[in-house]
Structure formats: C-alpha cells, structure tokens
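Colleague: With the hints as extra help, turn the sequences into a complete structure.
Heads up: the protein sequence lines correspond to chains A and B, in order. So for the first sequence, the numbering used here puts the first residue at 253; every next one is plus one. So for the second sequence, the numbering used here puts the first residue at 142; every next one is plus one.
Don't read these hints as lab results, they were simulated from the structure. Treat the numbers as computed from the prediction; the structure is a model and nothing was measured. Quick reminder that beta carbons are idealized off the backbone N, C-alpha and C, glycines included. Do not take every clue at face value.
Unchecked claim - Covered, in the sense of this in silico footprint (three residues per stretch, anywhere, with C-beta under 8 Å from a C-beta of chain A), are these stretches of chain B: (1) 241-250; (2) 320-327.
As the list claims (entries may be wrong) - One-sided and incomplete, this derived list gives chain A residues near chain B with beta-carbon spacing under 10 Å: (3) PRO346; (4) PRO347; (5) VAL349; (6) ILE356; (7) ASP357; (8) GLU361; (9) ARG405; (10) VAL406; (11) MET409; (12) SER652; (13) GLU654; (14) GLN656.
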Amino acid sequence: MRLVRVSLFACLLAAGFLLTQVATGDDIADRAKKLHFSSIVLDTHDDTTQRFFSKTFDIGKRNPDGHIDIPRMREGGMNAIFFSIWIDGRIMGPPAVQKALDQIDAVHENVIKYSKDFAFCRTAEEVRHAHAQGKIAALIGVEGGHMIGNDIRVLRMFGDLGVRYMTLSHFYNDEWADSSTDKPVHNGLTDFGKDVVREMNRQGIMVDISHVSDKTFYDALEVSKAPLIASHSSCRALCNHVRDMSDDMIKALAAKGGVIQINYEKSFIDQAYKDAQDKFSGGVVAMMDTLKKECGDNEECVNKKMTEMADKATAEGKLPHVSWERIIDHIDHAVKLVGPDHVGLGSDFDGANMPEGMDDCTHLPQITEALMRKGYKDEDIRKILGGNLLRVMEANERVSKEMQAAQ
Amino acid sequence: MWRMFLAAVMCVAAGMFLVGMMAADGISERTKKLHFSSLVIDTHDDTTQRFLDDDFDLGARNALGSIDIPRMKEGGLGAIFFSVWIPSKIKGPEAVGKALQQINAVHEQVGKHSGDMILVTTSDGIREAHKQGRIAALIGIEGGHMINSDLGVLRKFAGLGARYMTLTHTGNTEWADASTDKPAHNGLSPFGKDVVREMNRLGMIVDISHVSDKTLADVLETSKAPVFASHSSCRAICDAARNMTDDMMRALAAKGGVIQINYHIGFLSQEFRNAEKAHPERDKAIAQEVQKRCGEKEGCQLIQGDIITREYVLRGDLPRVEWTKIIEHIDHAVKVAGIDHVGLGSDFDGANMPFGMEDATKLPQITNALLEKGYSEGDVKKILGENTLRLMADVERVSRELTAAK
Numbered sequence: 253m254r255l256v257r258v259s260l261f262a263c264l265l266a267a268g269f270l271l272t273q274v275a276t277g278d279d280i281a282d283r284a285k286k287l288h289f290s291s292i293v294l295d296t297h298d299d300t301t302q303r304f305f306s307k308t309f310d311i312g313k314r315n316p317d318g319h320i321d322i323p324r325m326r327e328g329g330m331n332a333i334f335f336s337i338w339i340d341g342r343i344m345g346p347p348a349v350q351k352a353l354d355q356i357d358a359v360h361e362n363v364i365k366y367s368k369d370f371a372f373c374r375t376a377e378e379v380r381h382a383h384a385q386g387k388i389a390a391l392i393g394v395e396g397g398h399m400i401g402n403d404i405r406v407l408r409m410f411g412d413l414g415v416r417y418m419t420l421s422h423f424y425n426d427e428w429a430d431s432s433t434d435k436p437v438h439n440g441l442t443d444f445g446k447d448v449v450r451e452m453n454r455q456g457i458m459v460d461i462s463h464v465s466d467k468t469f470y471d472a473l474e475v476s477k478a479p480l481i482a483s484h485s486s487c488r489a490l491c492n493h494v495r496d497m498s499d500d501m502i503k504a505l506a507a508k509g510g511v512i513q514i515n516y517e518k519s520f521i522d523q524a525y526k527d528a529q530d531k532f533s534g535g536v537v538a539m540m541d542t543l544k545k546e547c548g549d550n551e552e553c554v555n556k557k558m559t560e561m562a563d564k565a566t567a568e569g570k571l572p573h574v575s576w577e578r579i580i581d582h583i584d585h586a587v588k589l590v591g592p593d594h595v596g597l598g599s600d601f602d603g604a605n606m607p608e609g610m611d612d613c614t615h616l617p618q619i620t621e622a623l624m625r626k627g628y629k630d631e632d633i634r635k636i637l638g639g640n641l642l643r644v645m646e647a648n649e650r651v652s653k654e655m656q657a658a659q
Numbered sequence: 142m143w144r145m146f147l148a149a150v151m152c153v154a155a156g157m158f159l160v161g162m163m164a165a166d167g168i169s170e171r172t173k174k175l176h177f178s179s180l181v182i183d184t185h186d187d188t189t190q191r192f193l194d195d196d197f198d199l200g201a202r203n204a205l206g207s208i209d210i211p212r213m214k215e216g217g218l219g220a221i222f223f224s225v226w227i228p229s230k231i232k233g234p235e236a237v238g239k240a241l242q243q244i245n246a247v248h249e250q251v252g253k254h255s256g257d258m259i260l261v262t263t264s265d266g267i268r269e270a271h272k273q274g275r276i277a278a279l280i281g282i283e284g285g286h287m288i289n290s291d292l293g294v295l296r297k298f299a300g301l302g303a304r305y306m307t308l309t310h311t312g313n314t315e316w317a318d319a320s321t322d323k324p325a326h327n328g329l330s331p332f333g334k335d336v337v338r339e340m341n342r343l344g345m346i347v348d349i350s351h352v353s354d355k356t357l358a359d360v361l362e363t364s365k366a367p368v369f370a371s372h373s374s375c376r377a378i379c380d381a382a383r384n385m386t387d388d389m390m391r392a393l394a395a396k397g398g399v400i401q402i403n404y405h406i407g408f409l410s411q412e413f414r415n416a417e418k419a420h421p422e423r424d425k426a427i428a429q430e431v432q433k434r435c436g437e438k439e440g441c442q443l444i445q446g447d448i449i450t451r452e453y454v455l456r457g458d459l460p461r462v463e464w465t466k467i468i469e470h471i472d473h474a475v476k477v478a479g480i481d482h483v484g485l486g487s488d489f490d491g492a493n494m495p496f497g498m499e500d501a502t503k504l505p506q507i508t509n510a511l512l513e514k515g516y517s518e519g520d521v522k523k524i525l526g527e528n529t530l531r532l533m534a535d536v537e538r539v540s541r542e543l544t545a546a547k
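Modeller: What follows is the structure, encoded as structure tokens:
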C-alpha cells in the first residue's frame, strides 16, 4: 500500500516536472517545486472541521467542492494543518463547551480513521516527526474564547485534548475579550481575560489574536509570556479591514517573537473587493449573520452558502475579481515590514472566499514559486511555509515548561 | 534513584511505625504483611467534590472526611477511583461542563501531589504505580447524564482518563433506567445500548451500580466485556434497590464481572434501613441541617451528611451499624458469586460510614477479618484488588479486539 502511494507520488512529481518543462522550460519553477515538496507546509487555519458532520463529506476522498481533503493536500504539498474548532460566537456557556468537544472529537475520529495519512500532533517536534514519516500533521485550534464557557478548567481540558491555539474571540465579544467586529465593552481584555492568557501560556496553548480588537491585541501582547500568533489575518495597509493588522500591530507582534499567518479571504486582501462587498452585503459579519438564519446550527452550510453567494455576485459583476497574487502582496508587505521570521500561512480554507487561482490547497506550490521569483531565499521561504510557526510553537512549549516547573 | 531510595526508606519507616501502632487494634502481623504487600483498590470515592473547595488539600491529613494521601498511605490504599459526580437533576450541556471541571480537578490534585500519586488508565498502570510506591489515581464518571446523550462527549471523557461510567445516578438518564426512579425506558434504550458498545470500544468499564434490575439485564446482554458494580452491596442482607440480588450477582459473575461492596450503612444494614423508613422526618431534618451547614457546596454536603447521621446514631435516634457488616456482605457475595467476583467500592466521602470504618486508615481490618474467617491469602488479595485488575485487563483486551476489528 505504502509502495503504491510512494510511486503514485513519484508519478505525480514526475508528471508535474514534465509539464513544467513543456510549459515553461523554467529553472525557477523546478527549484520552487523541489523546495515546496521538501518543506513543512503548515496552514494554521482551516474550517474543514465543520464538514466532518456532513454525510457527503469524506476527507479521505477527493471532493468536488471545498478546499481541503487528503488527496488535494498531498497534491498541494500541504503537510501540516490546524483544524479549526468553530461555532457562532453568540453561542456561549455550557452549550458552546459541548459543541466544541464534539468538533474536537470529530477531528480525533477522522485522524484515527485515516491514520495512514494523518498523525495527530501536539508539539513542533511531533510535526517534524510526522513530516519525516510522510504523514500530514493534524493539529487543533479553537476559534473563539466563547467555547470555554468562562471556565479556566474547561480551557485546561481542551489543552489536554490536544488544542494548541485558541483565538481569543470570534466575530462577537466574549464575556472577557473584545472582538474587532463588535462594539467594545471590555476595553480589550478583562482581568479574567488576562487570566485566560496566562493559563494558555501555562498550558502551552498559543494565544491567537486574529479576530480580536486592537486593544485586546495590545493587552494580550502585554500579558502573554510567550509569543503570539495571528492564525489568519492579513495586512490593513493593503486592505483596510478591521480583521487585518495595522503595520504597528504587525511590528509589535514581531517584536515579541510572534507571527502573522496571512489569510486568503478576498475581502481581507483586496480593498476594491472589500469596498464592493460592504455595499453589496454590509460586510462579512452581516453576510454570515444572514446565512446563519438560513442554515441554523449547520456551520458547514454557512461556509458553503457564503462561497456560493460571493461567486454568484462576482459572476454578475457585483463584486470584483481578485487574483491569488494579492496573497503574495500581503506576504511581501509583512516581510518588508518585519522580516521573514514573522510571516506564515493561515489560509482560512473551507471558511472563506478564496481569490481566483487559489481555488483549493492544490494551488499552494504557486506561493512558493511566486516568492522565489520575487527573489526570496530558499531558507526564508521555508520559514514562511511553516518554519516560523514551528519556532513560535517551540517558544510556547518552553514557556509552558518553565511556568509549570516554577509552580 | 536517590529519591526512590529515600521513598523506600520512608515507606519502611512508616510501615514500622504502623506495625507498632496497630498492634493495639488487634491487627495480626500476618494481616499487616499481607495487606501492605497487596494492591488495595477502591473503585468509588467521592473525594472529588472536595477538590472544588478552595481550602481542601489532599496532601494534608484532614480532620474531616475519609480520604487523603496520609490516610490512604496509613491504610495501605494503593489505587483509588475518584468519582466525577453531579446530581442527576442537572442535565444537558451544563452537566457536561461540570463533569469537565471535576475531571480537571482530579488532574490538578494528582499533578500537585505527583510524588505520591499518578493518574493512570490501565491495569498495568496501576501495577506500575504500585511498584514505584505511588498511589494510582483513576477516574470514574458516576452517572450517564454527564455525557448529555452525546457519544463524542463520552469519547472525550475517556480521552481525559475516565475509566468507568455508571450508566445512571439516582434518576433515569435519557437512555437508561435507574433503580431509584420510575422506569421510563424498560432498561436501556437503543441509544443506551450504543453507549455500552462505545464504552466497550473505548475500554471503559460499564458500571451498573445505581441502575435498575432491567438495565443490568440489558447491559449484560449488550456488553462484550465484563462489567462491574463500582459500589453496591447485597440485597439479600439489606433490601435496598441500590443493592444486588443473588441472581443479579450470579449473572454478573457468569460474565466475568465484579461486585465492589459499598460501605454505606443504609445499604449494609436492614435494621438501619427500617429505622430510616419508619422516620422519614429524620431524613428531612438531616437534609435541612446539611443545607444549613454547607449551602450548595457538594463536597461539604457529603461529609456533613455522614457527620450529622452519626450524631443521630450517638443520640440513639438511629441504630448503630458496625464495620463488620461489610465483612458479612463480602462473605455473602463470595458465597453467591464466587471468590473471583467480589471487591471493594467504599463510597468514602459520599456516604454514611459504619462504626470502625471511619476512613481509609481502617482498611487493614477488612484483611484481618477475612483471614480470621479462614480466607486464604490468595483469596484475600483477589478481593482487595486483583479481581478489579483482572476485570480491567479483560475490558482492555476487548477494547483492543474491537478497535483492531474496525
């Protein structure tokens, strides 16, 4: 079985190689492919988890829709993925806890089901080990602090179950952290919110500041003893969206060793699209709220309808076309701002509207090639593809060990 | 290495100290030798609720309650199942969240005392902890209401270390009838059977304490692994619905199961039970007094319930029950179900203890009494813990077979 897979992989590689030769005869394309397929390509934000509850979705097979499954991850050289645990931010308290447990369980069960392809990972070392074995590293991030039900003990149990980052809020404020897309009520983090950050440090759960308000970000940065991540955010200087980070924020994040993982969502990377979308549907939060009413508790349905709606509007000329190359612009902007050690990839696949040419994860090698064409050094590209995030994970693991030893 | 040596020296010293001290209690040298070299396992302790009180420290010798590390060591208790329990009236997601809190509380307490204790999930883990001179800590979920009818939650509880689940507490769940509620499902519902099958797959022991007789029959039919009663006694001696009839014990044993004898006086003594029934107003008065002393603090409620009941006994308002009643139940169960199917499930810190079994330090008396009754050393070891270990190993084997077959 393994042999078959290896030879299939070799065939694909060879076919790709041939095609490249025919199509471009290009040396950079070759080198990019080699670099890409020998690197740890880590994506910190994928909403595929919600699809696990659909009867028609099978992550082991090539699916006609969505952005992520094992065959396409293999084809795109994506070998480490953070499955996002997400429910609507207005569900709070114990019901949110139980729903989060269900999604964590769905990730675990799918990893067990496809244990030939997946390895469940909790540490940077385990991700490297999975890669060495030719497996896809599967990790878990909880997208929204509302899912701990205001309970530090629940946070700890999430940590024990393998959760490796938590986004402090989603679109709506928690009871202890302000979101970038809600009216501020806590002036950033409450005292309990600060306790949450400290406990995450102690547990080795990375603090994710995507989605949070600017003030929450600065509060988290001040409180956290470990570097932070923005698991899926882009640059506000190129697209003025509150979900993106200003240059000052990116600099402050980097100064403390953190990393911004660039989000591919069209309305976060393209100003013209964002402006048109605001007019068309009142922005992403309002749009998702409308869809929530249609879909009820079915999170997969929300994600799916959002894509359908955006595609239709683009086809009708109501929303502009956005090229995948805008992703490169954002990566490059962040790198120019803070250097290659503080930028990574957080696609938002299966949870956002992808730009044209980044229709799913099979297109990831384009990023490597584009960066190479821009003159990025191989080692810097590897950092962006995954190395930076692994460094931040290791730093978090170290802080966790120190804090636990100090007790 | 040095630490292990030090621990060994301390163990020997403590042992010698105990030998000196206990001679006065009429515990024989033979008993001490046997008891302190055996793996003594208790499958049901409600100490967990006390962990949620800020002022409780498992590492200190406490004036109240029955369980802490110094007293477990003194009584030779080598492995303990901390019970995760909330009243069965709490349902839905709230029950899930509260169970998570208690699981975390066990993790935190064990982590705080990692020199003395270690969290384990297998029979080998218990043996390994014992070899290291540490107390093995395990987790049991007392009541299926805590999974809120969600197999995903059940799996995550198992992932966090839960090694048994009692299918109900005093009230029916949405899928299983309890012995102390009106039957609503005629035993296990189809989903209840799925729960049992999933527990088999996960290697969790199915616990039939608290469930109705029909639920037990359904469980025995459905479960691929042996099951146990984590804390139940014999109905032939004390006619409580929570206890097991001789037929139930025989059926349990026929499938390799174990009945772990409960020390609660209301389950041990018919006389006590009759007195309780004759004066229901006393029960009410006790409950009111508990509320007065503890408010909503469950850890406190369980301990004070025991203390106040004893005050009634000392005033002569309720009959006095001696610890030797435990031996009667063990002996009866051995006669009915066989020596391989009986163990210990005290209900310490969650029930009313008989005189002479106030806390874990009194456990060597059980060994002493069984030897005096003529039980062989090998048989006593089985009751103290080996039967539970065998059952766990069987449950683990079935889990491996079921997951491999998938």
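Colleague: All hints, please: hold or fail.
Modeller: Against the structure, the hints come out as follows:
Here's how the stretch 241-250 of chain B fares: 7 of its residues keep a CB closer than 8 Å to some CB of chain A, so the rule of at least three is met and the hint holds. Residues of the stretch 320-327 of chain B lying with their CB closer than 8 Å to a CB of chain A number 0, which falls below the three-residue condition for coverage. About 4 Å separates the beta-carbon of PRO346/A from the nearest beta-carbon of chain B, less than 10 Å, and the hint is met. At about 4 Å, the closest approach between the beta carbon of PRO347/A and any beta carbon in chain B falls short of 10 Å, and the interface hint on this residue holds.
Annotation: VAL349/A was flagged as interfacial toward chain B, and the flag holds, the nearest CB pair being 5 Å apart, inside 10 Å. Annotation: ILE356/A was flagged as interfacial toward chain B, and the flag holds, the nearest CB pair being 7 Å apart, inside 10 Å. Given the 10 Å rule on beta carbons, the hint for ASP357/A holds: about 4 Å separates it from the nearest Cβ of chain B. Contact between GLU361/A and chain B, as hinted, is supported at the beta carbon level, the nearest pair being about 8 Å apart and thus within 10 Å.
Taking 10 Å as the C-beta contact cut-off toward chain B, the hint placing ARG405/A at the interface holds, the least distance being around 4 Å. With 10 Å as the threshold, the beta carbon of VAL406/A comes within range of chain B, its nearest partner Cβ sitting at about 5 Å, so the hint holds. With its C-beta approaching chain B no nearer than about 5 Å, MET409/A sits inside the 10 Å limit, and its interface hint holds. For SER652/A, the interface hint is violated, the least distance from its beta-carbon to any beta-carbon of chain B being 13 Å, above 10 Å.
Look at GLU654/A: its Cβ only gets to about 16 Å from chain B, farther than 10 Å, so that hint breaks. At about 9 Å, the closest approach between the beta carbon of GLN656/A and any beta carbon in chain B falls short of 10 Å, and the interface hint on this residue holds.
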